[in-house]
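Each protein sequence line maps, in turn, to chains F and U. Its first residue numbered 1, the first sequence is counted upward by one per residue in the numbering used here. Its first residue numbered 1, the second sequence is counted upward by one per residue in the numbering used here.
Keep in mind that the hints were calculated from the coordinates and are not lab data. Fair warning: there could be bad hints in the mix.
If several chains are the same, the list does not tell them apart, and a pair holds so long as it fits within one copy or across any two.
With a straight-line Cα cutoff of 25 Å, these simulated SDA-like cross-link-like pairs (lysine to any residue) come out [as the list claims (entries may be wrong)]:
hint, residue 1, residue 2
1, 195, 205
2, 45, 204
3, 45, 388
4, 104, 158
5, 22, 367
6, 104, 249
7, 299, 126
8, 15, 221
9, 148, 297
10, 222, 579
11, 276, 67
12, 553, 227
13, 104, 415
14, 276, 440
15, 90, 36
None of these values were measured; they are calculated from a predicted model.
2 protein chains.
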Amino acid sequence: MPDTTTLTGVPFDRKPFTSLLKRRFFFTEAFEIYREGTNIKKGSKGLYDYGPPGCALQANIVEAWREHFVLEEDMLELDCTMLTPEEVFKTSGHVEKFADWMCKDTVNGDLLRADHLVESVLEARLEGDKRAREAREVEATRLDDSTKQEYDEILAKIDNYDGPELGELINRFDIRNLNGNNPVHPPIPFNLMFKTSTGPDAAVPAYLRPETAQGQFVNFRKLLEYNENQMPFASASIGKAFRNEIAPRSGLLRVREFLLAEIEHFVDPDGGKKHKRFEEVRDVELRLLDRDTQLAGKKDLRSMTIGEAVEQCIVDNETLGYFLARVKLFLQKLGIRLEKLRFRQHLANEMAHYATDCWDAELLTSYGWIECVGCADRSAYDLTVHAKRTGVPLVVCEPRTEPLRVEEWQTMLDKGKLEPLLREDTEAVEEVVAALSQIALEPAATTLAEEGEITLHLSASIPDITLGSELITISNVTRVEHIREYTPNVIEPSFGIGRILYSLLEHVYWHREGDVAREVLSLPPSIAPTKVLLVPLSAQPAFRPILHTLSRKLRALGISNRIDDSSATLGKRYARNDELGTPFGVTVDFESVRDGSVTLRERDSTRQVRASQEEIVDAIVRMVTGTEVWEEVEGRLPAFGVA
Amino acid sequence: MPDTTTLTGVPFDRKPFTSLLKRRFFFTEAFEIYREGTNIKKGSKGLYDYGPPGCALQANIVEAWREHFVLEEDMLELDCTMLTPEEVFKTSGHVEKFADWMCKDTVNGDLLRADHLVESVLEARLEGDKRAREAREVEATRLDDSTKQEYDEILAKIDNYDGPELGELINRFDIRNLNGNNPVHPPIPFNLMFKTSTGPDAAVPAYLRPETAQGQFVNFRKLLEYNENQMPFASASIGKAFRNEIAPRSGLLRVREFLLAEIEHFVDPDGGKKHKRFEEVRDVELRLLDRDTQLAGKKDLRSMTIGEAVEQCIVDNETLGYFLARVKLFLQKLGIRLEKLRFRQHLANEMAHYATDCWDAELLTSYGWIECVGCADRSAYDLTVHAKRTGVPLVVCEPRTEPLRVEEWQTMLDKGKLEPLLREDTEAVEEVVAALSQIALEPAATTLAEEGEITLHLSASIPDITLGSELITISNVTRVEHIREYTPNVIEPSFGIGRILYSLLEHVYWHREGDVAREVLSLPPSIAPTKVLLVPLSAQPAFRPILHTLSRKLRALGISNRIDDSSATLGKRYARNDELGTPFGVTVDFESVRDGSVTLRERDSTRQVRASQEEIVDAIVRMVTGTEVWEEVEGRLPAFGVA
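Bound-form chain F, shown alone (with noise of 0.2 Å):
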């Protein structure tokens, strides 16, 4: 498990705050009765249902994307079916190239990824050879230098080997399963796609969707349409995908069924892939994992803004740079640790068969870095293997501001003369001089000009034909084009929110000072599940009223709150509500039916102010609409004794 530390410096134990995150339902292992009851724990593994706070985190943190993203730049949002034919997904290269690699213990059958496996033994070689240099044991025991640092080379670059490749190292370091260390069979191909089959003879496959893209390219003409043939422009979709991992594992981070929400930003490839708004962004730093340090077989981050790293060409062009600073500006709002994140080059043989540059947001967390959002840029591959397969154009047509002038060679046959001459031939012959390239009629033109006839071969079968110039003419013509044709290029960036919300609940995670069971998840306000906690000091039914009647004003507000009037003791309701991440408490005592007022308790400092209804409710929307801080707050309503 990789170092991290909680927001106090603490090292962050997963255990305890995997607990929390049961016992407070923000997820549960789907169908949990059936794994206790049954025997269905095989395939049903990598299978999360959220629970009430998730289900409520995930909501808002899709809300803040939509208005990050798509409301911010005017996206078209879609939202596209699941179920894809067959056909889809040959032509998009997925039925054939969308796999990872197997392989098979050769004695109890165990099915694993390739590359997993090797990055595990050689983990685990290390991590042996660690322990036994701490404990200072024989040298017999430990690994020499060289291949201490192959393994480290080549973990470094673990992502970037293919499935022959992988084989050979599983050959030449004798690697195992770790499970009953037997050998393994050579790496196999496996498709990563549900297969179904639609309608009612079952002779119909269909896969579900490994990503929301391809709803998005099918659909490219009706969204140029509905866009005023106006470009560039982007369309956005949120919606469930599904891959079938060969071994589920890390919890929320590796999943068979998760949430994307993904951008599709089209883009006229000529003139450097510019982007309008890039000058509000230039000066975002990031820190960069590029492809050539890890090629190398090291680590280290460079820091700079997306503008120097747009103009180094380490970033490719300010679209894909555009986007990177504005993932960046998105995780900070959720309350990503900045610390812990990076942005990492995909290497050649990692990226997908579809992309040719793509940069990954990766967070750290106890499971190391994840993968959470990428950015890919997928020139006009899509749009054009879909075009061609069916014969349905997906470009745009612009009216050239200057018409442009192209000089070319055509050919005129005169048909009326020809095909008398001819007779069965004269088809044959049309078609060769239809064919000819321009860097063909270029001499023909010269020879036919100087020689007065040209010679042209149809086919093995039929004689060589000779034709004079009163039969073919080849002139040097000016065609004027005003109307320009072209396929768009579409830069992705893609977001998988299941990973971001358990990394960013790694995040926020932590325990207050001494007390390792007092846990807090410090989600900012406009994430956090529940905003208000609304709490009498006693069973008091006079206290009831003013509770209904703020819990209905926040209401009114759109700021959710929970009533809590269990016995429990105060300080009890408020730490349970640590754990749930609700940033503001709300106190009704006898003050508050003497004079109106109620406390206001911040969920970080638990410290507390005490000033009118009106006053506290118009500071909680403040704080979760981002006018306000606590700070702030505090500074100017007067300060409440301690919690």
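Put chain U on the given structure of chain F with help from the hints.
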């Protein structure tokens, strides 16, 4: 096609309506370019994508639903996986029973849904008869009166026939495939769930959920715990579900992938399923089509308050009644036309296998009355079967206010004396004694008291054993139960969002008087995809900053808006937005540059007012949030010349 009329009383015409929805990209058949360019037509039917306005409309309906139900009643929202292990659906009964009856054409192999086949053939014959009578044709081409009446009665309860009954109807009336007039094979059941498998070894079957409900049921224990053991409570879930329809048809109304919003309200079955907020809805009027009316072959609606319906036992209980009334209020809020809403009770054979009672909210469309919301009483069915299968108790344990005193017979064996006597038979005796019922124990106690011994029959292979009163005692004791344990019943309102969305669009569609080309969608401001269209009077650059300021202001207030500065005429730009259902238009003109005022146009009346930007923005916010209506705004702000 049933006769339905638009808001202006003109007959509804589906053709221009559908053309509008496709033209404005509310939705499209999924993979449209593949339908044009390849042969994937088969099996890809029944899949639709929502374009930007459809997607926004769907999001607004979902948001209204969440507010009206989830937030209003503190329901516990879950997000559960769609992939579901086979074992779960075996338990719930879906693997065996979630099927439609299907007939195969004996000649061309067409696969037909049996009830739809019978329905369409009988309807076609009735239609033919009607036309023959109108044309005063000879008697031979008409149906005789008793046949006609029989057809009407069958159609009134078409949903009530099972497979063998449909088979009989097909034989009796010589019903054939309308496509080719061939006879069909007898109906066979066809399971509607999509099947796949999870994990790399392909041997672990799973299904795509056909409803979200099971995910909520299997999480019952955690939900109850999260709710701190308080009953009653409801969970809710919004997500996609899948049904492999035999023959998708009717556009968005019968599709293979659709958005469901489902509530599972868990209630104590004792005490008549009262609802504590029933008083709030008691006087809500509903139009009901109950079971008895349908079985009598009739379709008359009975108008009454839900209070009366529950009193008269037409609707079984308060909780079910409460939700029927709340459903009506919700649909009204969306803009559904109440004269096109009815509640129809399911017939016995029509109900899903898990339901004991069910009422559908049906909406009248050009396809007839369409089930859009189902309110089923699932009793304790689901929790009981899952608990039995997994061995995990899914019950509520409540402390009794009054301890319950239970008188019962108890047995006691003197093991110290028994064992030396019976040796290996001891265990068998213990088991038999433990299994004795209360009914068997009473006479046994009498025998033991009177004769001093009783004889036990153990099994066929062991001789009967006689025990004296020194070995066994049977005594009448009073046990006090402090805890009550019960399995909750479930009332389930289940909303087909796509069907509601489509029906709503039919309800709000009309065209301006005398001009079929000037079409309008009168969606309520809170539901409309875009709230405000911002238009400059001309391309004058001075208008631009005003438009952008207005746009930013509205966006910050959560009001979606769009600037249209295209070169089309003002009339054309407004017409386009009438078709998109945009309720308000703001025009910026020369006057705006001079004094800051702008005009506000209302979609349905096309009337306009003029005021300062602040006043106009304020009026828009009030109308979108429902605190003011257009007529009030018109009453207090100065009118502006004709549009």
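Cross-check of the supplied hints:
1. For the homomeric pair residue 195 and residue 205, the shortest alpha-carbon distances inside one copy (7 Å) and between copies (11 Å) are both at most 25 Å.
2. Proximity of residue 45 to residue 204 under the C-alpha cut-off of 25 Å is restricted to the inter-copy arrangement: shortest distance 11 Å between copies versus 28 Å within a copy.
3. Taking identical chains as interchangeable, the C-alpha atoms of residue 45 and residue 388 lie at most 25 Å apart only when they sit on different chains, with a minimum of 23 Å there against 39 Å within one chain.
4. For the homomeric pair residue 104 and residue 158, the shortest alpha-carbon distance inside one copy (19 Å) is at most 25 Å, but the shortest distance between copies (54 Å) is not.
5. In the homo-oligomer, the alpha carbons of residue 22 and residue 367 lie at most 25 Å apart inside one protomer (18 Å), although the nearest pairing across protomers, at 47 Å, exceeds that limit.
6. Proximity of residue 104 and residue 249 under a CA criterion of 25 Å is satisfied intra-copy only: 18 Å inside one chain copy versus 46 Å between copies.
7. Taking CA atoms no more than 25 Å apart as the test, residue 299 paired with residue 126 passes inside one copy only; the shortest distance there is 17 Å, against 78 Å between copies.
8. Proximity of residue 15 and residue 221 under a CA criterion of 25 Å is satisfied inter-copy only: 23 Å between copies versus 50 Å inside one chain copy.
9. Within a single copy, residue 148 and residue 297 get their C-alpha atoms as close as 12 Å, which meets the 25 Å cut-off; across copies the closest is 84 Å, which misses it.
10. Taking the shortest alpha-carbon separations for residue 222 and residue 579, only the inter-copy value of 17 Å comes in at or below 25 Å, while the best intra-copy value is 47 Å.
11. For the homomeric pair residue 276 and residue 67, the shortest alpha-carbon distance inside one copy (19 Å) is at most 25 Å, but the shortest distance between copies (38 Å) is not.
12. With identical chains, the CA atoms of residue 553 and residue 227 are at most 25 Å apart between copies only, with a shortest distance of 23 Å across copies and 40 Å within one.
13. Neither within a single protomer nor between protomers do residue 104 and residue 415 lie at most 25 Å apart by alpha-carbon distance, with minima of 68 Å and 56 Å respectively.
14. For the homomeric pair residue 276 and residue 440, neither the shortest alpha-carbon distance inside one copy (43 Å) nor that between copies (88 Å) is at most 25 Å.
15. Proximity of residue 90 and residue 36 under a CA criterion of 25 Å is satisfied inter-copy only: 17 Å between copies versus 40 Å inside one chain copy.
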